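Listed here are the chains, written in short residue letters.
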Amino acid sequence: MKRIKNFKLTRKVFSYPYILFMLLFIVIPLVLILVNAFLDAEGNLTVENFKIFFTERSSLIVLGNSLLVGVATTLICLVIAYPVAYILSKYNSGKILVLLFVLPMWVNFLIRTLATKVIFVALDVKLGIGTVLFGMVYNYLPFMILPLHTVLSSIDKSYIEAAEDLGADRINVFVKTILPLSVSGILSGITMVFIPTISTFAISQFLSNGTIFLFGDSINMKFEQGLYGVGSIMSIVMLVFVLISNFLMSKFNRNGAARGTLW
Amino acid sequence: MVKKFFEKLFLIVILAFLYAPIIIIIVYSFSNSSNFTWPDGFTFEAYRSIVTSDKAEALKDAIVNTLIIAAVSSAIATVMGTISAIGIQTLGRRAKRLALDVNQFPIINSEIVMAVSLMVFFVTFSFPEGYLRLIIAHVAFCTPYVILSVLPKLESLDPSFYEAALDLGASPFKAITKVVFPLIAPSIISGWVLAFTLSLDDFIITQINKGTSTGINTLSTYLYADARVQGLEPFWFAIFSIIFVLVLGVVLTVNLVKIRRQKERKNEI
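Listed in order, the protein sequences are those of chains P and B. Quick note on numbering: this note's numbering labels position 88 of the first sequence as 88, and the sequence is numbered without any gaps. Quick note on numbering: this note's numbering labels position 133 of the second sequence as 133, and the sequence is numbered without any gaps.
Some hints here could point you the wrong way.
Unchecked claim - Here are the simulated lysine-lysine pairs, DSSO-like style, with alpha carbons at most 27 Å apart: (1) Lys95(P) to Lys258(B); (2) Lys12(P) to Lys96(B); (3) Lys157(P) to Lys176(P); (4) Lys251(P) to Lys176(P); (5) Lys266(B) to Lys157(P); (6) Lys258(B) to Lys157(P).
Read the hints as simulated data drawn from the structure, not as lab findings. Quantities reported herein were computed from a predicted structural model and do not represent experimental measurements.
Build out the structure end to end from the sequences listed, making use of the hints.
This is the structure we're talking about:
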């Protein structure tokens, strides 16, 4: 009786339905992935899935390919995006200009990917690692420009002037002042490009005519074939990537605005 | 001088890289060919075939599905997100932290992992294939954004508004609907717009959770299925062009208005 009396419709109660929803559709599904990683096809406990994933040639090739394409895409994006963001941060009308650079990311990635694919096919370009890299950079470049521009345009100009007054030449101003101040932008750019690059499915499949499989493609394929165990292991590996990059990002963002991170 | 010139040239080259495919597709959408030739010269035939081709029916279904799923799931996400944001705001520090961390997960997690984890969940508990699964999945990845849009606004509200309403005799429910809601309406709307857009744009989660037996397709999953079998037929060029112009036009206008407003506000101060 006392319990019921204590229950009041406070505002706290409003959060319960969504907390239940998150428990059901976010937490339990992830737990199921963890559980499935230790189950074989008959539902018995096993560590066989781990063995299969870490010894099978094909899955190691996928891991290698993903890391290769992921790292290469991220580096190319960084090399292109940093100067773009840096130049834009010097303009007064930089906001409108940066809008032009990130606008394409609002168009569905499948459409952008297929648009580039038909053009490659028409130009008789051989589909392979080169076209996959092009497609990835084309898709994810805006995701690198955006955080870099945010960080670079918020650097107080007086830091740069101070460095110049103290006798630093232009290279030193860049290496010792601008670069360290933009580390958080670089890191969030890397995360926003690297994670989607290795986990998206369809881009590499379309742009390599199905010859290059990345993590996302093979997770999808394993589940399609009903291989829940190995698929779950690959999902866990993917999750580890996500958590590591998130951890790194929040470490560097501690004194800045730590948005979109877990720790 | 020379440096300025090269900086501008660099920006133009990168912009060209970003927009060339879009422009090429739009130009050739008027050629009614899939191989970038002009067999019939300039024609609107590709646009006409959106409604006349033998795939018109399936295409229409896919577009309708996309809109229904986006409308329903963004509505649910907005209502649930707003109500729970009000609740989450009043939770104790640790409970709030935990709730927000879990809420953050769909945002930072890679889409494919979220998609397969939901799929395993639906299969394990044998949820019926079809709209139910898709709408739950879309609500799951849209609601976090609604909360992130509404919660900061709620926290910046002066709590005395709510308390004053209670003191004046309003029930908590009335205080929220009559006082709190109107004050946070703009951020509810922007949360809804974000949820609707994300749902429209989604491919991976829909593709993996749509099930095989129902034949439900959204525009992106239909495109995926169709393009995987063969290349793109001319009508896809027309659809891509419409989407390019629509999306780029809307996003550009919205942002330009926003930038202008910010400038005006700065000038007022």
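**Request:** Of all the hints given earlier, name the ones this structure violates by number, lowest first.
**Result:** Of the numbered hints, all hold.
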